[in-house]
Structures are given as C-alpha cells and as structure tokens.
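Listed in order, the protein sequences are those of chains A and B.
All you need for the working numbering is the position in the first sequence, starting with 1, plus 771.
All you need for the working numbering is the position in the second sequence, starting with 1, plus 4.
Derived from the structure by calculation, the hints contain no laboratory data.
Keep in mind it's a predicted model, so treat the numbers as computed, not measured.
Note that CB positions come from ideal geometry on N, CA and C, so glycine has one too.
Careful: at least some of the hints might be erroneous.
To be verified - Cross-link-like lysine-lysine pairs, in silico, DSS-like; alpha carbons within 27 Å at most:
1. 428/B to 1002/A
2. 990/A to 906/A
3. 1066/A to 428/B
As the list claims (entries may be wrong) - Facing chain A, from chain B, some residues (calculated, C-beta under 8 Å):
4. 137
5. 138
6. 277
Said to hold, decoys possible - Residues of chain A placed beyond 12 Å of chain B at every Cβ, according to the derived structure:
7. 810
8. 820
9. 855
10. 868
11. 883
12. 896
13. 898
14. 909
15. 952
16. 961
17. 1012
18. 1013
19. 1043
20. 1071
21. 1073
22. 1115
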Amino acid sequence: MRNNVRIHVILTLLLLALPIVPLEAWGRIKLITLPIRERVEIQLDHPQATLVEEERIVPLVKGINQVDFSWANTRISPDSLIFRVLNDPDSPDQAVKVLSVSYPPNENSLVWAVSSTHSGSAQVRISYILDGLEKEFHYRATATHDEKKLNLAQYLRLKNLANEEYKESSISVGFGDQLTRSVGIDETKDLLVARYPEVVVRKTYTADLAQYGYLDTAKKKLKIPMHYVLKNDTANGLGKASLPFGKTRIFQEDGHGGTAFVGEDWGKFTPRDDEMSLYLGVARDIVVKRTIARKERKRINGNLYNYDLIVKYEIENFKESPVTLDIGETLRGLRAELGYQNQRDVQWELGPETTLLGKPDGEKSDADHLLFHVDLPAKKPESKPDKQICKLHILMKNEW
Amino acid sequence: MQAPYPNEKRMVIAMKRILFLALLVLTPFIIFFGSTATARNLDLSTVPKRNAVQLTIYNSEDLTLVRETRVVSFKKGINPLQFSWANTLIDPTSVELQFPGKAHSIQVLDTTFPHDKPQMLYWNVASEQEQEAKIEISYFTSGISWSADYTAIANPEETFLSLEGFVRIRNQSGEEYENAQVRLVVGSINLVEKIAELAQISPGEVEELEEQNFKVYKRKAARQMMEAPLETFYAIGSSRKDEVAEEPKEVAKEGLGEYFIYTIEGTETIPNGWAKQLRSFEAAKVPIKVEYRYRPREYGDQLVRLYLLENEIASGLGTTPLPNGRVQVLRANGRGGLSFLTSHAIKYVPIGDRIELNLGADPEVVFELIRLKTFRDNIWMQVKGGSIYHKVGSRELQLDVKNRVSGWDEHKEFSQRIRNYTGKPIKVAVRRSYNGDVTFRSELNPKLHDYKTVEFSAEVPKAGRVDLIHEIITRNGHNAKQDRVKLEKR
C-alpha cells in the first residue's frame, strides 16, 4: 500500500479502555493498533456499483472500543460503510456489538464504537461502495477453419483509479469462478473470466433493405452483411449466464496452425437463450437484386385502397459451398418505398404467389418484420452460378 | 457514548462556545438605569453551569428546540441576567426564560436586546425572596438535523431480510451540547420563517420582529412536543458515565398527535461539526416477497424487481412508522459476503403499511412486447364531408363520391413475452395504459387499475417463458364513442 493512501482500521486502545470514555480522558498519550487486511473481496456483479469487502482481525478489550476507519484520497462512499462482526453474536465467549458511528468534520473517516463482553480478537468485515474501480468485458473469438465453431474467451478489464491497492483479492463478477488477483494503483488488468470451447456458431448472410440498405442502388443490389451468430444456451456450449456487453475481436484458424484476424464488433448484452450477432463485413460472393415486380392498387371505396405487391429477389451464389441466405422485409419500410407513409401499422397477408419457403421464421418475425431462410446451392466449378428467383407476394389492406 | 475528538479541537470549540448565562451578581459595580440592566467597563459575573440540556430535533425543518436547566441563586428584588450566544445559530426571537415550580415567587420583568451588543439579551428577574431556583431556558436553533438510514440484507434465498434502522444526527449549530437528552420528531410542522435566517438578523431588528407573530407560529407548532415529562428531563443530569453500555442504545418511540418522537436512551454529546449514527431498531428476520412489476409511470419503461415487506408486528417491525430516509439493500451471497443490490430513498412508511424496495431491472428476466398481428374492420366512410356515413362492406346503399374514411376499428394482437432465467419461479404484474376508446380482449383475467390502465399478472416458472396473448381493439375517428378501456373475454 502506498504511503499516501490511508485505508486502515485503527483500533484505539486507551491504556484503560473505560466503558464510556469521557472527553476529558483523551490525553495526548495513546496506543493504537493497526489490524491488517486478512482478506478482500471485490464484488463486481452490480452493473453500476463496486462493493469491496475486507476482513480484519481486530483486537478488542472488554468494554467499549473505538475503531477508526479512514480513507484519505480514496473514493469510498461514506454512507455505504457497513461494519459487521463475523463472530457469533450470541457466543458465550465474546459478544461484540456496534453501538454507534461518529463522523468527524472535514475528514474522510469514521469512528465505530464497539462493545465487547470480553477481551480478545474479533473477525470483522467492512463493506463499502468504491468508485474508481472501472470494469468492462471483452471477448476473443477464434473460429474454426470451417466456421462451424468458435473458441470464445471472455475477459474482464479492471482499471483501478480508486487510489488504493488491493493485494491478493478475491474478485467476483457474479458468474463463473472467483478469481484471486492483486490490483495495484492506476493498474489496468485483463482477467480471463471464462473460456467456452467449441461454441456452435452459425454464419449468416442477410439481405434486408430496411436494415442494411443497397450495395449498388442503381442496380438495386442489396448489401449482404455477414455475421457469426451464437446462441447463449447450453446446447451451444454457453448458457451459464448472460453475456455482458463488450468488444469482440474475431480470428479464424487459417488451416495451417495459425489464425488470422477477421474483424471486431461490439457484442450486445445477451441474456441466456438469446443470440449474439457479430458483424464480419459485407459478402461479395452472394449477389441479391431486389425489385418491386408488381404494384397494383384496388380502390375499395372513396380513399380506401388495397395493394397487391410482389417483391422479387434474384439471387446468385458465387461461392463453391452452399449457404443459407436470410431475407428480411419490413412492412412499414415496404409501404414507404411505394410512396405511402402514415402512422398506422400495416395490415397485410401473404399472397399465394410467394415462392419463399412457405412461412416466415416464427421466432424472428412479427407483425412488421418478416424473415425467410433461403438455401442457396454451391456454384459448380468453372461455371456460372444458377440464378435463383424468389417472390414475396404481399396483400396490403385498408390503406388510406 | 461520547464521540472522541482531540483535546486541541475541543479547546477551539470551547473558545467559540456560547459565553452563556452570566449572572451579574449584585454589587456596587452594577448600575441600573430604570428597569434595564447595563454594565459599565468594570463588571463581575458568575457563570452557572448547565445542569441538563434537551434537544428536540425536527427532521422536516432545520429546527431544533433546546431546553436547558441551570440552578441560579437570586436575591430578593431585581436580578439582572445576561444571555449571549456568539457564533451560534440561535433564533433570538425564540429565547424564553421560565422558572419551573416557582411561578409565583419569581418572574421575568422584561427582556432587552441591546442595540450595540450582537447575539445577547438581558432579563430583569424579580424575586420575592432570596432563593435558589432552577431556571429553564428554551430557544430554537438551526444547524442540528437528523435523518434516517436503513440497511437491509436479504438472505441468499431472498425469503427474509434483516432490517436495521439508524438515526444520524448532525451538529453544525456552532454549539456543543454536552450530555444532551436527544429527541427526534418524525412529522412535519409549519414554519413561517426559517430559523437559520432569523439567527442572522441584527439585534437592532429584534424589537421590530417582536411585534410580529413569528414567535407565536413557531411556538404553536412545537408546543405539543415540548410537553415532555419534566421528571425525565430533569433527571438526565445523572450521567451514565459509570455504567458499561454494552448494548446499542435503545431508541424509545412514542406517538404524540400527528407526530412520533424518538427519544434516545441516556445522553449524547455530538461535537460541533460532527455527525453520529445510532441504531434505531433492528428486525432480524423480516419476511419478504419478491415481485416483478411493469409500471411505466412509476418505474419507467422497464420491468423492475422489488422486495415487498410489511411494517407490522409479525415482521418484527410495526411499532413505529419508518421516517423517510435512505435504504441500502444488499444480499448475502452465501459465502459470508454481500452483494450490493441498490440504494435509494424511501418515503415515510406508516405502521401497517407496505415497504417497497425497488431493486431495478433484473438481467435474468427478459420482458418483451411483441406485436403479432394488425387488422382493421368496421370501416365507415363519410360522404362528401357531410353528415352521411356508410359502412364499407355493407350490402346497403353504397355512395362512392369523394368518400373519405371517417371511422375504423384497429385490432392489434400482442404477446407480452416474459422469459425467466432465474433459479426460481417469479410473479410478474403488468400495467399498460391505453388512450381512447379501447377494448382489451384476452384470457388473462385482467382488471382495471383506472379507466385507461389494464392490470394483469402471471407466474413464470424457473427457466421458463410465458406468452401473455391479448388483443387491443381501438376505435378511431367517427367510431370512437368513449374514452375508456373495456375488458372483454377472448
């Protein structure tokens, strides 16, 4: 601990520890003991607050003792301090109780008045909220060469700006094993929290105009972003806890014993059973041209209309491996594309001319967003890819 | 238990203490002019010490009523007394002198605030005989306050929590009241002037203030709190110094009218500038219920988790209302340590009422509203902007000249999806508000919280999910006849 940092418990033992010490009895000669930290736990499970708990063995005399706790230059929240005696409070050997807490003016300190039925040591735990101990999570994901699995490592980055050193402290993040590390002043530490080998990963290619836009607007070619999608459940090697938000650096095995960096993305907070989607860049070997092939307007009455629409997708896979393409459509976006905008939700039905695989994905679709999966065969070597044409037939009703 | 502080600091504090009561002994050195006592350059005085002092601190205002007793010898005739309060925050208009039990034989003739002597007054006291009398001086001061704090620690299973209540007293009054009986008032009173402001008024303005009714208002507000049992008050001069106080002090609570008074056992000395926290109560095993609530008006647009407990005898509480204060909520982690959950203010909790501790959103519970379907029907057209309407799809006469949609019903089907990844089943209560003429159609057994707010609940098994399906039918335009939500069985 550096000299300028004074977190310590001072047990002030007057030569005779009187039951109630009159102010007049505070002489200039006094003896203090400095109980050292026996153990420290740093609790990082709360998203906003860091709780530090430290245990010390405090020698007490029979009667009333003054326990002085001060924290010069350290960012402790004084109202959060809790002093707990871990000895059995009903023990016949020694009952220890906190009587009061005094707060001196203009000092970062407080004084506990602690009564003890016998002289002896008491194990106490002092808990407080500490500012300045900053934490963030980050990940390192290494995909197998065939991009079917990921080795995912989860790290905690701890930045100690609290101006206090914590040696050999137990660090808990609320899940996984507790870690024991020292954290020095102004030190930044990366701690491996968990390692998840062979996490099943799905590589997706997505065509969704409303979400990702065009790659070539004039030719109506859509941008096709690629993602690794990993589901946070036990079947896929995860599912032990929510995955916190954090930057993910993504590597891929190169097939020769090494790895190549393929990009990075922010991993969103992912509850169990949800999916974390990591953006990899835009695919160049899958081309999707999207056009409105039909727009028919039928007047029901007055200014009330129905619309009959067909969205056409011309898809080419230039890869020599089969892939699944996700096609997304947003109904409000489609209506706006036709030149109509209002605040009402779109009333729609799938038309009979739809050639996309029957029903939309039930889990990922709702009343305004549709997601279809289209299997694309591999391109045959030395030949052009087959152009696959899919249609989405939408009957938009009761618009005005 | 007295708060420790160095002798040096104590000396400094003592230097700026109230000079306090100076009994100007009748000697030839004192010259009277009329009924007002003034002193010339050469004075002789005696300083009777405080026998007892009582502080009654109001947490709703920056106001403390101080009552102190001293024993003074009076001669027969006129006895001048000087009272001064340099560098303190005493309201000069509130200072009163009384003679408990001696009302007939001794009385105050007048009170004078000298124009050139700040923070000082003189009393001329007439005594019918030579006697020793106990005097009581009372006044209001600002700068002493108290607040309540609570620490709640739940067991790992979250079925019980230990709740400790504390009172924290802060003394910034400029004066040290040694060995004072401390009483804390829970409740709010009306003041027409702040004591801290009155304490700053120059002595020259005091007489002017006297003509106003400030004093009357303040006295009236605090009078009932002043009626403490006198024997208790006068007995507090007996110090506890020789006792071994091995238990936290008891804080006795009693109701008085609309107020509650907490009286701290024994006496306390809180040096100027210091604060002191004392335990007010401890309830070791208060049963709690965990409930999840979605109430945007109260908690924002999120599902929050709450601990619910009752301020009742069965919980180990229920003997006193809980004053508003700050509660720190933690949970034992089963390894001897704690996890911090939240810290927030709680409002005054009457006896018998529920205490709600909002722990915020729980990342282990996912709360989503998913719109499944929309359709419109019952569409009415207005003919040429007049007062002729017809319904689309009806077989009756259809006019189709510049018709415009004038009324329609919008049906929206939702799933309120709740996924529970905690290790135990949870109870979720949802409130959703709708504007306009709305029908809420479901099998959820909902009820109306108010005319526009529907309330429904569900239990979600551990590691499970529920989809609370409901349909909202909103009547728009010409179709809207009401402004309320109607519940309908699906």
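Hints and how they fare:
1. Taking the CA atoms of residue 428/B and residue 1002/A, the gap is near 22 Å; set against the 27 Å cutoff, the hint holds.
2. Proximity of residue 990/A to residue 906/A is assessed by CA-CA distance (about 47 Å); at most 27 Å being required, the pair is judged violated.
3. Restraint check: the Cα-Cα separation between residue 1066/A and residue 428/B comes to about 52 Å, which exceeds 27 Å; the hinted pair is violated.
4. Nearest Cβ of chain A to the Cβ of residue 137/B: about 29 Å, over the 8 Å cut. The hint is violated.
5. Checking residue 138/B against chain A: minimum C-beta separation of about 25 Å lies over 8 Å; hint violated.
6. The beta carbon of residue 277/B comes within 3 Å of a beta carbon in chain A, closer than 8 Å, and the hint placing it at the interface holds.
7. The Cβ of residue 810/A sits about 10 Å from the closest Cβ of chain B, inside the 12 Å cut-off, so the non-interface label is violated.
8. Its beta-carbon lying about 5 Å from the closest one in chain B, residue 820/A breaks the requirement of being farther than 12 Å from that chain.
9. A cut-off of 12 Å between C-beta atoms contradicts the statement that residue 855/A is not in contact with chain B; the least separation is 8 Å.
10. Here residue 868/A does not stay apart from chain B, with its beta-carbon only about 6 Å from theirs, under the 12 Å limit.
11. Non-interface status of residue 883/A relative to chain B is broken: a Cβ of that chain comes within 12 Å, the nearest being about 9 Å off.
12. Not every CB of chain B is more than 12 Å from the CB of residue 896/A (nearest about 7 Å), against its label as outside the interface.
13. For residue 898/A, the shortest C-beta to C-beta distance to chain B comes to about 6 Å, within the 12 Å cut-off, and the non-interface label is violated.
14. Taking the minimum C-beta to C-beta distance to chain B, about 18 Å, the non-interface status of residue 909/A holds against the 12 Å cut.
15. For residue 952/A, the non-interface assignment is confirmed: its Cβ lies about 17 Å from the closest Cβ of chain B, beyond the 12 Å cut-off.
16. Chain B leaves residue 961/A outside its interface by the beta-carbon criterion, the shortest separation being 23 Å against a cut-off of 12 Å.
17. Under the 12 Å C-beta cut-off, the non-interface status given to residue 1012/A relative to chain B is violated; the minimum distance is some 9 Å.
18. Look at residue 1013/A: its CB is around 5 Å from the nearest CB on chain B, not clear of 12 Å, so calling it non-interface is violated.
19. Interface exclusion of residue 1043/A from chain B breaks down, the closest Cβ pair being 5 Å apart, not more than 12 Å.
20. With a least beta-carbon separation of about 6 Å from chain B, residue 1071/A fails to lie farther than 12 Å from that chain, contradicting its non-interface assignment.
21. Interface exclusion of residue 1073/A from chain B breaks down, the closest Cβ pair being 3 Å apart, not more than 12 Å.
22. Annotated as non-interface, residue 1115/A brings its C-beta within 12 Å of a C-beta of chain B; the closest such distance is 7 Å.
The structure does not agree with the numbered hints 2, 3, 4, 5, 7, 8, 9, 10, 11, 12, 13, 17, 18, 19, 20, 21, 22 stated previously, though it agrees with the rest.
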